[in-house]
Each structure stands twice: as C-alpha cells, then as structure tokens.
Amino acid sequence: MTGINYNMIPLFVALPLTVSFFIILFGNRVRWISDVLCTLSTLALCLLSLYAVGVVNGHGTITYKVGGWFPPVGICLVLDSLSCFMLVIVNSITMIVTIYAISYMERYTAKNKFYALFLLMLAGMNGVIITGDMFNLFVFLEIGSIASYGLVAFGTEEEELEASFKYMIMGSIAGLLILLGIGLLYSYTSTLNMADIARVVSEKNDSKLIVFVSVLFLVGFGLKGALFPFHWWLPDAHSSAPAPISAMLSGLLIKALGVYALIRILFSVLNATSFLPVFMVLGTMSMVIGVFLAVVQWDFKRLLAYSSISQVGYIMLGVGLGTPLGIMGGLFHLFNHSIFKSLLFLNSGAVDYATGTRDLKELGGLRERMPVSASTSLVASMSIAGLPPFNGFWSKLIIIIACVNAGHPVYAFWAVLASIMTLTVFMKVQKYVFFSELKEKFKVIKEVPFLMQFSMVLLALICFFGGLLLVPAVSGDFLQSAADAITNGKEYAQIVFQSLR
Amino acid sequence: MTYFLCMIVFAVGLYAVVAKRNLIKIIIGVMVMEYALNMLFVLFGYRLGGRSPILERYQEIKDIVDPIPQALILTAIVIGLATTALMVALAIRIYEKYGTFDITKIRKLRG
Amino acid sequence: MTDINLILILMIFGSIIAIETKDMLSSVVIVGVVGLFQSLAFLILKAPDLAIVQLVVEILSLVILLRVIIRKEESEPQPHHDYFPMLLGITLSALVLLFFFPIIHELPEFGHPIMRVAKEYIETGLGATGAPNLVSAIILDFRAYDTLGEAVVLFTAVCGALVVLRKTGRKKSGESETET
Amino acid sequence: MNKEPGMTLIVKTVTRLTVGIILLYGIYIVLHGHLSPGGGFAGGVIIALSFVHLMLAYGKDVALKKISMPVASMLESFGAILFISIAFLGFIGGYFFFHTLGKGEPFSLLSAYMVLLSNIAISLKVGCGLFLVLVSIALAGKEIKK
Chain Z
0 MTGINYNMIP LFVALPLTVS FFIILFGNRV RWISDVLCTL STLALCLLSL YAVGVVNGHG
60 TITYKVGGWF PPVGICLVLD SLSCFMLVIV NSITMIVTIY AISYMERYTA KNKFYALFLL
120 MLAGMNGVII TGDMFNLFVF LEIGSIASYG LVAFGTEEEE LEASFKYMIM GSIAGLLILL
180 GIGLLYSYTS TLNMADIARV VSEKNDSKLI VFVSVLFLVG FGLKGALFPF HWWLPDAHSS
240 APAPISAMLS GLLIKALGVY ALIRILFSVL NATSFLPVFM VLGTMSMVIG VFLAVVQWDF
300 KRLLAYSSIS QVGYIMLGVG LGTPLGIMGG LFHLFNHSIF KSLLFLNSGA VDYATGTRDL
360 KELGGLRERM PVSASTSLVA SMSIAGLPPF NGFWSKLIII IACVNAGHPV YAFWAVLASI
420 MTLTVFMKVQ KYVFFSELKE KFKVIKEVPF LMQFSMVLLA LICFFGGLLL VPAVSGDFLQ
480 SAADAITNGK EYAQIVFQSL R
Chain L
0 MTYFLCMIVF AVGLYAVVAK RNLIKIIIGV MVMEYALNML FVLFGYRLGG RSPILERYQE
60 IKDIVDPIPQ ALILTAIVIG LATTALMVAL AIRIYEKYGT FDITKIRKLR G
Chain V
0 MTDINLILIL MIFGSIIAIE TKDMLSSVVI VGVVGLFQSL AFLILKAPDL AIVQLVVEIL
60 SLVILLRVII RKEESEPQPH HDYFPMLLGI TLSALVLLFF FPIIHELPEF GHPIMRVAKE
120 YIETGLGATG APNLVSAIIL DFRAYDTLGE AVVLFTAVCG ALVVLRKTGR KKSGESETET
Chain G
0 MNKEPGMTLI VKTVTRLTVG IILLYGIYIV LHGHLSPGGG FAGGVIIALS FVHLMLAYGK
60 DVALKKISMP VASMLESFGA ILFISIAFLG FIGGYFFFHT LGKGEPFSLL SAYMVLLSNI
120 AISLKVGCGL FLVLVSIALA GKEIKK
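Chains as they are written, first to last, in numbering that gives the first Met the number 0: chain Z, 0 to 500; chain L, 0 to 110; chain V, 0 to 179; chain G, 0 to 145.
Next comes chain Z alone, as it looks inside the complex (with noise of 0.2 Å):
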C-alpha cells in the first residue's frame, strides 16, 4: 500500500474545514466563488469516500495515527465498512443537498455563511464518523450540533429562533450527559482510543459503571437522534430551518451523530448487548407514536419531521433485534431514509419556495403547475410508505421478516401497522398539496429552477434503484459488510489493533 491511500482519510474533515475557511475569507469579494468551492468540494468528498469503500473493500480496515502518534497516546481515525456505508451516505447526499441549496438559498442574505455553517456541519459529521477516539467524538459531534443551531435559526423569524434555542437547549444537555459518559470511562479505563476501552472494559466483569455510562450515552444519543421519549425537540428544529438544512438534519445529523455513534459506542466499544430489548422497545414506540402523530399535522414540512421520528425507530428496531438479518434492515433502512426523506423535505421546500406556503389546507393541485416536483414527491411517498418496487419497501420487509424469524412477532405486527399508517399520511399529502383542484392564486406559480429540479430527480433515481443494493452483484459487499461489522462488534478492538502495525 502507498502511502496516499491513508492520507485521504483526515480529508474528510481537513477539506470542508479549509474550505469553509477561505469562504469566509473571500467569499464577500466575489459572489459566485461560495457556490463554485462548495459545489467541488462535496463533489471531491463523494468521489472520495466512493474511494474509500474501495480501499476498504480490498484492504479490510484502516487506521490511520494522526500526528503519527501511537494510538493509545495519540488520536487515531478508524475507517472500517460501517464508517465507509456512513461515509457515502453523508457526503453523496450533501452533494445533492448543496446542488439544490445554490438556488433556493437565493432567498436568504448571507449566503457565504450559509456554506461555511453547512460545510463544519459536514465536516462535524464526517469526524464523529472517522474518528477511533471517544473525546474527539465528543469535540466533533459539538461542531455538527453547534453548526446546525446557527443553522436552524439561519432565516431570524421568531418561530426560527425559539426552534433554534429549544433544540440548543437539549444539545447542549445532550452533549454534558456524554462527556459525563466520557469522563467515568476514562478514570475507569484511564484512556480514551475506543479500541483500548474495548479491551479493557471487556476484560473486567460485568460493572455498574458500565451500565451506568451506557444508560447515560442512551440518552445522549437519544437526544441527539431523537429516539421517543426525547423527541418533541425535532419537529419544532427540523420545520423551522431552511428546506436544505431539514433535509440534511433529518436525512443525515441525527443518524451520524445519534444513531451511528450510539451503534458504534454500545456495540462496539461497551459491547452493551443486555441493551438490544431497550433498542426495541424504544424503536417500536417511536415508530408508532411518531406515525400517529404525524396524521394529525396540517403542516407539510412538521408532518415530515414528525414521521421521520417514525423512521428513525424502524432503523432502530431493526438494529435492536441484533440478528444480522436485523442489522442489515436497520441499515438499508438508514440509507433509504436518508435518501427519501431529504427528497420529501426538498419537495416541501420546492412547494414553499413556489407558492410561500406549507398549510397543507391552503394548497392543492400543484400537479398541473410543478410537474418535476410532483413526480418526485410521489416517488418519495411510494418510498417511505414501502410500496414495491421502491427501496423502501425492501428495507422494511427485510426488518419485518427479521423480527418473525427472531421470534418477535408483536414487534413485526406494529411494523406493519406503522407502515400502514404512513401510507395514510402520504397519502393525505398527495392527495392536499398535489392532486385535487388547483386552487386559484397558485394559477401563476411556476416550476422551481432547474438546478433544484435537478437534484430531485437525482435521488428520486436514488429511490427507485435503491433496492438493487441489495444485490451482491451489483453493490458488492457493501451493505453486508457494513452489517457485519455491527454484528461482529466484539471484534473491533481486535481488528483495529491489527491494522495498526
């Protein structure tokens, strides 16, 4: 191996750092230079973590010694399969997300801080992905969230700022709650390389303090993916912000910095498996809660946080069955949820940026006068309902299968409820905001620009050739692979310290 293919992995946060960096230098000089960096370099970050797989695929695991420092006394960056399935996700998506920003953050002043926040945003979630370190989790995840709070309060309307401060609030109690975590570790183990809290945490017997510490990083990460009992933050933060921004926060934040870290520390690092029945139960409550919940909104984009709620807890429910055919569900529904429900939320933007409203009452029949939009947005629906041949429904029939064979038929039944009910809900948005009557002020609304219209089409495709990643031939083993290192969590500290030499 030369000695490029390790140097990539710190340009997964060191890229948009620097480029957000010299936006903020130069982008008041010249208008169009933000548009042009931010485009290439999530461009460059989606080819490159495409790269990554790759080398993964052929290699097996990479660690990587910042500083050159020796893992437990310095800082290492670990890229294994479950980094890398994260890792294309993220930056594939936020290339999409940026595409369709160029045009619809037109609207907003300040557009060169609206990269340089989105880009740390990034490069906040692509740290805690990369990371093999438990304080520099910490340090990241804070970049992400303290990113998205500027994020969502970007437009300063009242709604905006009281979103904003509400989702700060929980954040921040988030945030105290794993560094707590992360302090008992460390005068536990007296280190911070995850791999060597695995080792040593898996040679002493079963402790309080353990269970503590996952109860406390259960939190916190619960928090921070709003899981059910903390979820009455999201819908307030993911309606209120900029249609690009709920689409990122909905689609990727709280997966990479809830549910992967929470997968990533219980599974591999306190391999916590007493936890799964908690995963479950959670799981399945928010996915059921959240779905009622949603049936009942009037607004389009508040609906959609509250059913991402709902989705959130299938990829729970189907990681918490720990089967791995379960974690392979849970996963390909975290991929397909991210892909769908950033569509949903830039379809609700495109409605919004068309006609200045999201009260499904007040819209209707934008068929006729925003195809593009409309097509997309069905596609979606399809999706997220788990209607065949979308990707959606093999996820969910891969979890609902999952729980059967493991012998949880009760949890399969409200699968299969909740997916009901969000057909309900979808329907109920077709049917208000696309078909029926057009009403007669949007007679002279026309279509989005073509660079937003573009990007939908984009992971509308996505949508509806998702479902052949779950053929070996045509995906590899990247989606099994990525399962398998949760399955095998045990294993990691084993194979982190191989991979150093």
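I should point out that these hints are in silico values taken from the structure, not numbers from a laboratory.
Coverage of chain V stretches by chain Z, computed from C-beta distances (three or more under 8 Å per stretch; other residues unrestricted):
#1 93 to 101
#2 108 to 121
#3 138 to 149
#4 156 to 162
Label pairs and their in silico Cβ distance ranges:
#5 228(Z) x 98(L): 32 to 40 Å
#6 89(V) x 59(Z): 50 to 58 Å
#7 440(Z) x 89(V): 46 to 54 Å
#8 56(L) x 273(Z): 47 to 55 Å
#9 84(G) x 49(Z): 23 to 31 Å
#10 12(V) x 96(L): 32 to 40 Å
#11 35(Z) x 84(G): 16 to 24 Å
#12 166(V) x 228(Z): 34 to 42 Å
#13 202(Z) x 84(G): 35 to 43 Å
#14 84(G) x 166(V): 30 to 38 Å
If you want a taste of the chain L side facing chain G, the calculated C-beta under 10 Å gives, among others:
#15 73
#16 77
#17 80
#18 84
#19 85
Ideal placement from N, C-alpha and C gives every residue a C-beta, glycine not left out.
Once you've looked at the hints, dock chains L, V and G against the given chain Z.
Below, chains L, V and G alone, put in the same frame as chain Z:
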C-alpha cells in the same frame, strides 16, 4: 465523597435547566452543569501530593498529576464558552422579537 | 482534600442562590463568583493552565451575560402554580444522583488515578515535543486533532452568532415572502 | 447617559494606562504557552478582553477604529487557515499533524516550534473571533434600546 459533591452541582444545574422558565436562568443552568463536569474531570486526574504538569529544568519527573484531563478540560471550557456565546446571541434575538425572557410567554410553536 | 470539599460546598450554595434569586443581575454575578471558585479549585488541584483559562473565560462570559440583561428591568416571573416542571427537575436530578451513588466505589479512589496512558505522556512528553508544559504538549502535539476541532467549534459559534444576529434574515423581494 | 460615548474620565484615564499592559500580557501568555501555564486560548481571550476593555470604556466606535469587523473576520479566518496549514504541513512527514518543524532546545523561547506556531495561530483566531461576537452582541443590544 468529593465526586458526589461535584455531582450535586451537576444536579443543581440540571434542575435549573428543566424547571426554570427564564432564558437567562436556563443558560446559567447549562453553565453550572459545565462547571460541574469540568471539575469532575480534573478531580479524576488529581493525585494526592502531586505537582503540576509543567516541568522545570533539572526536575525529577515524578508525582505529576494526570495531564490528560487537564488537556481535555481546556477543550471543554472553550466548547462551553462557544455554546454560551451562541445561546446568548439567540436569547438576545428572542428578546428583540418578543420583548421578554419568559418562555411561557413566547410559546408560538406547539409541542 | 478538605479545601476542595469546602470549595465544592460553596459552589453548590452559590449555584443554588444563582438559580433561585429573583434579581437577574445578582444571579449573573453569583454565577461569576461560582466560576471564580472553580478557578481557585483548579489552582489547588495543580492545574494552573486551567485556572488561567477558566478565569478569563469566566470574565468574558460574565461580560456577555451582563450585556444581555443590563437595562432590561425584568425580574423572575411570578410562579404560575405550575409545579410540573419543578417536580420533573427535582426527579431528574435525584435520579442522576441516585444512580451515580453506587458507582462511586468502582471508580479509582480520589487522589489515586490509574494513569496508564498518562505515564507515557509524562515520561516522553518533553523529549518528544520539546515543550516542558505537558498540557500544551498534549493539546498541541499529541492530541492536536482535538484542538483543531476545538478551534473549529469556536469558529462555528462565532459564525453562528454572526448569522443569528443579522438584521434581516430573508431578502424582501417578490410576493412569495409570506412568512407565518 | 452623558453625551460623550463611554464612561467617565477616571475610567478612561485608567483604561488608557492598562489596555496596553493587558494586550502585552496576552501576547506574553501566548508566546510562553509551551514553557509556562497559558497558551493560545488563554492568551487569545486576554487579547480579546483588552479590546473589550477599550470598548466598555470608550464606546464601541473607538474599539472598531482600531480593528474593524471585516478585518477581524479576515484575521480570524487567517488564523484558522494558518492552524490547518500547520496540520497539512505534517503530510511532509507522512501524517496529518506530524511535527515536522523540529523541537529546538528545550526550555528556551524558540523551541517546540509546532506548539509555538499553533499557539500563535490559535490566539489570532480566538482573539478576533471573540471580539467579533462581543461587538455584534453589543450592536444588537443597542438596537433593543431604540
């Protein structure tokens, strides 16, 4: 015992964040929680009769307190400052729009 | 040991007073006092770097907080006979303490950290980095990546604060600017 | 409020004497970060505080005349870029953040070059960034009064 006292400070902050209805009091609660955690980390690294982790010339290297928590807390303090600054900025804007810091009066959003 | 406990008890009382005082100005000032106590505690705990940083950061956040509340004559609102949040707060705090209590004995005893990794820093720190201040050596050489993150957090917060404090958020153009 | 911006004459005179000393102390803390307690963050905050001191005593216009907001913003980004380029410089040695710059002689001012340079970059970034936040908060506070 010392650890437990530290956690009481943390609990007081948590209580303030959950129970208080004033934006500034909530910010103060978060600050208090941060203090408690910073303190806890440094307590974890303290060594009875230790000396500070700054070496002097010709000094025998022994009995030095754990420098890692100190380095971590340096980072955490700055993160706390950043969070506080952003929260205060939001609070100012909210005051500008609503003319009050009382969150029971500014509930525009549902649940 | 006793001095630390004393400072912690003072911090507990200080924070309770800061939270329960009706007057905003005194509340903010008392938080400042709590922060200064902490700075003192850091000095006793042999962390001079932290004492300096805590001191200056405390002054700065005090200035920021005072800037907000000054000339806004608004004291704590009267209680609305709404005891639910208060009960919730007490319950949550009590739960944290209750669950923390049994695990204290599993932690290393106060004053005797394990220091497995830290030993390496102490032994090789000066030789490997050339900086006698080990904390500086750790944050800027061994764990410089964290510090990059920390600098970026501050950068993000500055960016975010500037974004939030903008005068107008949206461009006033066209008919479609109907915000709720 | 009196007609002149800022506080009374006594405060202004004292400020004129102390502000330079505080600034100098901040720079000292930054440059000796690798030898004695302190470092980029503490020093940067002290530098920002010296400007805040000026701002509180003389009103924000005087402080903004010394260093205006666009300049501060530029210096902040410049500090950040300097820091990350130190990180990129490590690629020469094979690793991100590798200390390629050498160690120098321990216990002298010009030693541990990477730590020294990083401290300077961070102090630039932190000082200007916090100054920016404070000025914009002060500006926002002005608007409420109107």
